[in-house]
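Peer 1: Sequence:
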Amino acid sequence: MPADEVAPAPNASVGEKIRQGFVRVLWRLGQRVLPLPLALYVNHRIIRDEPSRPPELPAMPWAFNEQQHLLERSEGRLESIESKGPGLATVSAIVAAAIGVAISLTWKDATSVQRIILCASAIYAAMSLVAPIKLVGPIDRSTVTLSQLTAAAEEGTPEASLAKVCSEAAANNDRSVLRLSNLQAASRNDLVAATLLFLVWAVTALMSS
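Quick note on numbering: the sequence shown equals residues 1 to 209 in the numbering used here.
Bear in mind the hints are in silico, worked out from the structure with no lab data behind them. Keep in mind that a hint or two might mislead.
[Unchecked claim] Derived CB-CB ranges, DEER-like: (1) Gly76 with Glu155: 54 to 64 Å; (2) Glu72 with Tyr41: 25 to 35 Å; (3) Ile123 with Thr90: 14 to 24 Å.
Since the structure is predicted, the reported quantities are computational estimates derived from the model, not experimental observations. Backbone N, C-alpha and C fix where the C-beta goes; we use that ideal spot for every residue, glycine too.
Sequences are here, hints too, so could you generate the full structure?
Peer 2: Spelled out as structure tokens, the structure:
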């Protein structure tokens, strides 16, 4: 749910513009302060698993081909998201390990403020690992199955039936891409927050030594 989705309409009332502006500010703040909880909320409450309703297209060869290409492109987007998992997991793991080492070596002598900063940094580092862990594992993807292909062959217009199946599978894949992209963006924001807090801790540790 990008920020422009909560932008006030041109003909909205003053009260509605204020409300939507407040929502937009909260949205942007949530992306920085609580990226993962916000992404999980959007993925489970806003992006719903509703049955895909592909548009009614004319029964012509170009329409059939385009619907099949839709599925191929959606699978390509899933593969692109999947390929970014290992790199993000490596960076997040390095930052989390550095924070863990800092906690184990300096916790006893750290001030209360330094402990709070380290704990906050560790929490953000842990949240940054959620998306990479999910991307490293197998990702569910929709495609044309053998049973669907057989059912389409038995109908009077097999090309149209197969094209409809391709459109529905592409819509399901795009929904998965949107959810994974939200998690990936949240992971990057969590990683940035963890790194910045760790640097703040390092500066305070140097100043107090």
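Peer 1: If a hint holds in the structure, say so; if it doesn't, say that too.
Peer 2: Against the structure, the hints come out as follows:
Between Gly76 and Glu155 the Cβ separation comes to about 28 Å, which falls outside the hinted range of 54 to 64 Å. Roughly 32 Å separates the CB atoms of Glu72 and Tyr41, a value that falls within the hinted 25 to 35 Å. Between Ile123 and Thr90 the beta carbons are some 20 Å apart, a value that agrees with the proposed interval 14 to 24 Å.
In terms of the numbered hints stated before, the structure departs from hint 1 and from no other.
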